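Number of protein chains: 2
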Amino acid sequence: MTANFAALLSPRSVAVVGASPDLRIFRGRTLKVMLGHRFEGRIYPVSRSHDEVQGLLAYPSVAAIPEPVDLAVLIIPAEYVADELERCGAAGVKAALVLSSGFAETGTPAGNELQARIVAIAKRHGMTLCGPNGEGYINTAASLCPTFSPVVERPTMQLVPPWRTSGHVAVVAQSGGMGFGLFDRGLPREVPFSYVISTGNEAAIETFEIVDHLLDEGKSDVFLLFLESIRNPKSFERAASRALAAGKPIIVAKIGRSDAGARASLRHTGSVAGTYAAYQSAFRRHGVIEANDIDEMVDLAAAFSLHRTRLPAGDRVGIGTASGGGGGWLADICIGAGLTVPLLDASTRALLDQTIPSYGTSQNPVDATAQAIVQAGYSELIRLIAGSPEIDSVIMIVSARIVASFEKEQHALVEVARHSPKPIFLWSYTLPHPDTSALLSRCGYPLFTSMQGCARAIAAMARYRTIRQRLLGGATGDDL
Amino acid sequence: MTANFAALLSPRSVAVVGASPDLRIFRGRTLKVMLGHRFEGRIYPVSRSHDEVQGLLAYPSVAAIPEPVDLAVLIIPAEYVADELERCGAAGVKAALVLSSGFAETGTPAGNELQARIVAIAKRHGMTLCGPNGEGYINTAASLCPTFSPVVERPTMQLVPPWRTSGHVAVVAQSGGMGFGLFDRGLPREVPFSYVISTGNEAAIETFEIVDHLLDEGKSDVFLLFLESIRNPKSFERAASRALAAGKPIIVAKIGRSDAGARASLRHTGSVAGTYAAYQSAFRRHGVIEANDIDEMVDLAAAFSLHRTRLPAGDRVGIGTASGGGGGWLADICIGAGLTVPLLDASTRALLDQTIPSYGTSQNPVDATAQAIVQAGYSELIRLIAGSPEIDSVIMIVSARIVASFEKEQHALVEVARHSPKPIFLWSYTLPHPDTSALLSRCGYPLFTSMQGCARAIAAMARYRTIRQRLLGGATGDDL
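For the record, the sequence lines run as chains P and U.
Just so you know, we're using the working numbering here: the first sequence kicks off at 65 and counts up by one.
Just so you know, we're using the working numbering here: the second sequence kicks off at 65 and counts up by one.
It should be emphasised that the hints constitute simulated quantities derived from the structure, not laboratory data.
Don't take each hint at face value.
What the hints assert, rightly or not - Straight-line C-alpha distance at most 27 Å; calculated DSSO-like pairs for lysine-lysine:
1. U:96 to P:472
2. U:283 to U:312
3. P:486 to P:312
4. U:472 to P:96
5. P:298 to P:283
6. P:283 to P:312
Quick caveat, the model's predicted, so the values are computed rather than measured.
Generate the whole structure from the sequences, applying the supplied hints.
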């Protein structure tokens with residue numbers, strides 16, 4: 065039987081079992097978080113002790129709800145979960161999201177037994193089971209957030225930048241903290257997330273089954289995965305191959321590379337981390353991109369989200385800057401990341417030299433000096449550098465502190481981003497003002513604050529294109 | 065003749081040569097930036113065309129200023145600098161800060177000649193010369209900012225957190241952009257800067273002469289250097305040895321490691337980058353710490369600034385977390401950075417187990433679960449983990465989004481930080497709210513957002529302690 069992902073992730077009706085008016089506890093916070101977003105389906109609190117919870121009529125049991133329930137969210141102590149799942153199954157509930165902890169991750173026979181029991185119950189009733197020991201999920205298109213994560217607690221917050229029509233990023237994470245942490249860090253950079261799904265112990269459905277479903281659904285173009293283990297190698301191979309064929313990169317943080325990390329995974333979600341070398345080779349074989357930490361994941365997501373259909377054709381980077389020191393530093397870092405920073409061709413240099421004062425240089429890094437930025441604008445410099453046949457991508461170094469510097473050339477920036485066949489990236493050496501960050505994303509530029517993050521993202525994109533071409537044969541890098 | 069650093073960096077009277085009312089140009093902006101801070105000395109605009117500039121009486125020449133001038137700031141076209149320096153010398157000006165570009169960095173004989181001329185003039189008059197082609201400096205204690213950097217443009221901004229009484233960080237950078245960029249990034253993390261000094265072409269005084277002076281002055285405890293070249297190996301050795309003996313770490317970004325970076329340095333400040341291997345060995349010999357990028361420099365500055373007198377005695381880290389996934393991930397990253405994450409001893413685990421629910425674990429990473437954080441608080445968990453004889457430092461994983469989570473245990477946090485002989489670090493998986501960031505710094509904890517940055521800072525601190533002990537002989541790690 066295949067899982068009912070529609071009921072799990074896009075339900076029309078949701079029962080919140082254990083809903084409470086007490087906002088200090090998870091059972092109260094989960095309902096509050098859900099009510100803070102404009103979900104258009106129905107939400108039914110289920111409570112034994114209250115007739116009304118947070119302004120909604122509450123039901124004594126799932127069976128008492130007046131319509132068929134697609135999804136039941138269970139936030140009750142572990143020892144009550146099995147019986148409640150039985151009741152859900154009997155009432156025809158199609159999917160269950162178990163947020164409760166106290167199962168296989170305890171490392172005890174009792175915990176393992178409890179987990180086996182709930183899996184059996186779900187199976188018997190044909191219910192799709194997510195968790196236990198998860199933190200819930202976000203479905204941004206449905207404005208549905210069955211989770212107690214404080215990251216989506218602010219009511220009326222915008223879950224996805226409305227201007228983005230493609231390049232959506234799905235997070236699937238065994239760790240709720242890290243999954244929602246990725247969302248929290250990506251949002252101010254205008255990364256459009258489709259989903260954040262915390263899978264917890266993965267007692268029934270696992271990460272790559274979800275990826276496979278999301279590929280079918282077609283609303284996600286980039287995948288960020290926090291993996292403690294691959295539970296089912298076949299499922300991994302299937303999802304990874306399909307994603308690669310579709311040009312939808314999978315970016316993975318594999319936990320448990322070290323003994324201490326593996327020990328943590330075992331007690332976190334009952335995962336046996338396995339040999340890291342075996343994982344690495346499986347990742348390489350399928351073009352899966354490994355990220356080193358949470359920042360690098362967000363950097364990769366931001367880059368692929370905007371430039372997935374415009375991957376660099378090679379490793380040659382053109383760098384433009386008003387800070388000569390910044391240009392040299394970034395060149396060193398690009399080369400350290402496996403990229404090259406070649407001299408530009410004579411005709412591009414001649415064009416640049418018309419704009420750059422004598423104390424700057426058109427070599428590459430192109431030190432345009434602050435004077436040329438003020439006179440010609442970032443957009444013109446980007447356009448000129450991107451025109452060089454010697455390079456495959458451009459990094460423009462900016463100071464994104466002051467939004468006014470970019471507002472005045474906003475239209476030119478949009479035009480350059482739209483017409484350049486090469487991907488263009490920005491690195492800001494000052495901390496970006498949130499308005500600048502938003503403006504530049506809207507103009508079509510991924511904006512980085514990390515030098516290494518920027519360089520590694522470009523290197524990963526160039527590598528991904530090469531791997532796709534090699535694995536799939538023929539030119540597939542830019543025919544997405 | 066030794067340089068007059070007091071006149072250069074702590075002048076009582078400053079002439080701004082080329083001051084203008086036009087705030088769109090550097091000559092206008094520099095004066096405006098200076099007037100935006102509470103400098104207690106006198107500022108004299110020098111202008112040929114205005115009697116008054118930005119509300120101040122202007123003088124037609126330096127000679128017309130009614131008192132001896134300590135420092136002249138020159139922001140006039142390169143071709144006029146030599147003549148102006150002659151006038152400054154004749155008028156008894158003690159130091160000159162030349163912000164103008166168009167000297168050796170142009171790579172032209174004319175530029176080189178012009179630079180040689182101004183060096184000769186300064187020498188003849190006994191004037192200390194900083195620059196040319198610099199971006200000026202910040203002296204936070206004097207609230208003096210002779211620079212056009214937008215980073216200190218906001219009037220009445222606080223240049224240094226007033227609660228910090230030690231651990232001040234001096235930035236000396238050939239690149240103004242990068243130097244002021246470090247300040248911009250460190251300030252929201254409450255890093256107390258003493259100086260940011262942009263040295264430009266270093267025609268006369270160079271980085272390590274300045275470091276040597278700052279060591280004499282005693283107001284700086286950590287040095288962040290952006291180096292394109294070491295102009296004078298003797299000066300480097302002297303300053304680096306003195307800093308090491310004093311336990312004042314020097315953190316360096318060496319530019320020009322790659323061909324492209326070296327090419328950029330040559331055209332940026334006329335620096336010949338030299339063989340990177342030779343630099344590396346010189347750095348290692350003197351305990352100078354190399355940083356990989358701008359973020360890592362700020363991470364190291366934040367860590368050393370607070371924990372310079374409490375360096376980890378070894379590489380064993382205890383990790384506390386409410387996110388099991390975050391703990392595993394950070395453990396992997398710590399081990400990747402050369403640290404270890406050993407199991408805690410039985411008696412510490414017994415104490416922890418009294419607080420942690422069954423679905424958490426006291427092993428290390430200590431997955432305390434959100435429940436234990438709510439009940440016992442971060443401070444109690446930190447205290448317990450830090451008490452283990454198996455570890456030398458602690459990283460507590462937090463979500464620093466909501467300041468209220470920390471406000472309630474603020475006093476306990478202060479107590480733990482104050483009494484722990486081991487350094488404690490925080491990593492936030494969500495983006496910190498600025499108030500939380502400030503609060504936690506004030507409590508005595510360096511707060512990181514980068515996992516790698518946190519791990520690498522701890523590894524660098526442990527290494528620095530070891531190197532000091534080896535190079536200086538005997539126990540010098542904690543007798544600062």
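Straight-line alpha-carbon gap residue 283 (chain U) to residue 312 (chain U), limit 27 Å: holds, 11 Å
Restraint status (C-alpha distance of residue 472 (chain U) to residue 96 (chain P) at most 27 Å): holds, 23 Å
27 Å Cα cutoff - pair residue 283 (chain P), residue 312 (chain P): holds, 11 Å
Given pair status - residue 283 (chain P), residue 298 (chain P), alpha carbons within 27 Å: Measuring from Cα to Cα gives roughly 23 Å; hence the hint holds.
27 Å Cα cutoff - pair residue 486 (chain P), residue 312 (chain P): Cα-Cα ~19 Å, so holds.
Proposed proximity, residue 472 (chain P) with residue 96 (chain U) (alpha carbon, max 27 Å): holds, 23 Å
The structure agrees with every numbered hint stated previously.
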